[in-house]
Amino acid sequence: MKKKRLQNRTAREARESRIPGAAPTLARKDFESDQDVRWCPGCGDYSILAQTQRIMPELGIPREDIVFISGIGCSSRFPYYMNTYGFHTIHGRAPTIATGVKIANPELSVWVVTGDGDALSIGGNHFIHLMRRNFDLNVLLFNNRIYGLTKGQYSPTSEQGKMTKSTPLGSLDTPFNPISLALASGATFVARSLDRDPDHLRTVIKQAFEHKGTAFIEIYQNCNVFNDKTFFAYTEKETKAENTVFLEHGEPLVFGSERDKGIRLNGFHPEVVDITNGEYTIKDLIVHDRYAEDTTGANFLAQMSDTPDMPHPIGIFRSVTHPCYENLMTDQIAFAKERMGEGELEALLNAGETWTVT
Amino acid sequence: MKIQEESIVTRKPVEQIEAATILFAGDSGDGSQTIGAQMTETTALVGNDVATLPDYPAEIRAPAGSLAGVSGFQLHFSSEQIHTPGDLCDVLVAMNPAALKVHLQKLRPNGILIVNSDNFARRNLRLAGYEQNPLEDDTLTKYQVFPVELTRLTRQTLEDTALTNRQIDLCRNFFALGMILWLYNRPMDYALDWIKKTLGRKRPEFVVPNILALRAGNTYCEATEQFATSYNVKPAEFSPGTYRNIEGNMATVLGLVAASRQAGLPLVYGSYPITPASDILHGLAQYRNFGVVTMQMEDEIAAVGVAIGASFGGALGVTGSSGPGLALKSEAINLAMIAELPLVICNIQRAGPSTGMPTKTEQSDLLQMLYGRNGESPIPIVAPMRPYDCFDTVYEACRIAVKYRTPVIFLSDLYIAMGAEPWKIPKLSELPTIEPNFANGFSHNGDAFEPYLREVETLARPWAKPGTPGLEHRIGGLEKSDVTGNVSYDAENHEKMVHLRAEKVARVRQDIPPLEVFGAEEGELLLLGWGSTYGPIRTAVENCIADGVSNVAHVHIRHLNPFPSDLGEILTRFKKVLIPELNTGQLRQLIRSTYLIDALGLNKVQGQPFHVFEVEAKINELL
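Here the protein sequences come in this chain order: D and Y.
Just so it is clear: in the first sequence, position 171 is 159 by the working numbering, and no numbers are missing.
Just so it is clear: in the second sequence, position 446 is 465 by the working numbering, and no numbers are missing.
Only chain D is shown next, with the shape it has when bound in the complex (with noise of 0.2 angstroms):
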């Protein structure tokens, strides 16, 4: 008991005298919660766990700080498993409680968890309206293409003939693609990252982090037991390359194992072309701009893996700043308290028409 007060007070002196700015010295344990973590063997959520409970002391906020907000599904145990305040929610709910959280207290940092049935199916609506507010948080989407927890059935990513145990005989839906609908719903920042690419993955969570406002990543996410290997086209060291076009703002769109391919706007069509053969040059290719406003160029990136034969982009499709939704609040509130008067109860309660008895 005395201990944990002594480290209590600790923590509290530590916060209360640390040089604005500088960074407290946490380490990746110190992210680490005393849970067992209940993900089946090999789940791709263990890396996402791990990556971001490296990139976390890097980040530079005090663990308090820090909220993690899920809703339900295998990705939502997350933030059990994270030694951060942590809310596990209801289905699909998770983007409308961080709303909350982050409107009561803006000086938090937010983390939304979720799957592709969670925020794309049940909780569709609080998705795409959690996109356009714009508040300073970061939503983490595991994509697996499937429900886990449930054991099974195709989810709103899964593509469309997909046989489970819910569509014996295919599934009829056309699958959503999750950062067009974040880019039409307005996010201010969008990406896409993988479970198997460790460094990757550590970078864009931090650079989801630094933009003010919020981000957006569909993290592409293995789930071994129901839907094994649906990504490894894009994951994998023999066919990553020749599938995936890894997004780098201000460089041209090349890719392929030996660097020979590139993506090219014929028309309204993005297409691939071969660099080598003198037909097209590196010159020829489109030219990534993350921070366009425009979101013409995102969505021709991000259509790119709805079209056969294309490579999967990976990285930032978008990253631009708008004022976020917590700032114009309290820029609201404080034009109010200007303009009428910081509010008094007494006078309130005895404002418009009174008449006194005596």
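A few of these clues could be false.
Heads up, simulated EDC-like pairs for lysine to aspartate or glutamate below, C-alpha to C-alpha not over 20 angstroms straight-line [claimed, not checked]: (1) K443/Y with E334/D; (2) K446/Y with D22/D; (3) K446/Y with E334/D; (4) K216/Y with E341/D; (5) K443/Y with E341/D.
Hints in this document: simulated from the structure, not taken from any laboratory.
Given the structure of chain D, go ahead and fit chain Y onto it with the hints provided.
Leaving out everything else, chain Y in the frame of chain D:
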């Protein structure tokens, strides 16, 4: 405001009466609500007790002249204390045949009927379903009928103004108001002030015409032979204090702001537009200068979600809706229940099921609020009894939520929400204290912070807000292990937690003051009520006692879960217990199963409040 008595001093006879009930009715666009509000404010300012109730159609602008488009405003004022907007009306102002058709049943025999006779042409009669003109046959022989050419007279009054006939017709309501002010000897000052200030800001071109119409209506009554007598209602006796007229929803708004201020917690209100709860959102949205955050969310679930998130973040999270919205929110409310976070949920009931009758009143969500969630999910419920009581009751909801770390349902209804009456403004020092008592780094024992280690007296768990060092913890909708709050599937722990959560809510009872028994302390018949039936029940019992009945009493409960601890004993003191409710017997079912007594019901599900005479008739039947 100072009343300067700008009104014609009548030379005709004035009859003193104790009380009056007036109903203004017309097309949605005829301005019945506006003149109803003017008459209400004037009447409150001259010192009468007053109670009002608007009656809107669900359609915004149903076709002109149709029955569906009739909008009414009922106003009851008295020289005595009153509790309802009145049963049958003494005066009905009907601006067209449809208004007459819809509301004539509410006019007492020999009551005064003022109609705009210019509107009783064939087309309007047909729209209202009249085969013949009721002004010309014997439909209205029971009443004192005053046909007034309101359209022609208003046009004549305003013929020199720049307005078109269409615009002039919009001033007819103030002509009618001028008549009613004369009929009840009220000054025109308040209405004139409103026209100049409020209307002047929005539609300055209508200021002079409306003033002229108002005065013309007043003069018309004095000048014509038609009106021989006017009436006067003396001021009522009020206990000393400062008063204002207030609607239920506005009292709810003020109660929430007051609770937030007294608790030192920022208020975050998440909502989605729905009748009749939207006015709470509109009201709170005005108070950004109090730091009030209102968010109109994408749906009902998001609205409660944002409130829960705000509570987790250390604010006072509140959401509001009506029955259908509550159905959508129930899963999230259950999350707040198991997470044991403060949350206030306002349900402004309307007539169900499903979309039901959105602009009509009912009390049929009680069992939904008590039981409408999966699993064992106890939640305190409080219900206001009259418009001004919304202030105290929603404040009480906030107090319980914060003290016991639980969602609390504030169960109002349309009749209360839209009704208005004078409210004695409380002093801030009279308001109960609300202490958030946030956990801090030194508030716990043991090696780690224990988010489910309960207070001994209340069984409340610590409220540890993010940002507090050393208290990092995880909560959620999965069953919690006692004390640690870790996820647990342990059989005995689950049973223990179910009982602990129930016991915590039961302990709210320790804060409930003794019930007031109005009338006989014991005897033949107890009327037990909750919510908006207070007015009709209390008036009926008062009338019976005035008639010499000595063995009847009235108890009205604000706390519906848990019940007050003295309720069971009080019930045993009476031979019969009658529970009037605007549902098919929901409280009755609870009272029967809780106290094993054969409670009787008086039930009405017509989307309308009880009439006092209905309750009186039932009392007489049982005694």
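Now for the hints, and whether the structure bears them out:
Of the pairs offered as hints, the one joining K443/Y and E334/D holds, with about 13 angstroms between alpha carbons and a cut-off of 20 angstroms not exceeded. Note on K446/Y and D22/D: the hinted pairing is violated, with a Cα-Cα distance of about 50 angstroms set against a maximum of 20 angstroms. Among the hinted pairs, K446/Y with E334/D is consistent with the structure: their alpha-carbon atoms are about 8 angstroms apart, no more than 20 angstroms. For the suggested pair K216/Y and E341/D, the alpha carbons sit about 13 angstroms apart, so the restraint of at most 20 angstroms is met.
For a cut-off of 20 angstroms, the pair hint linking K443/Y to E341/D stands: about 12 angstroms separates their Cα positions.
Going down the numbered hints, you'll see the structure goes against just number 2.
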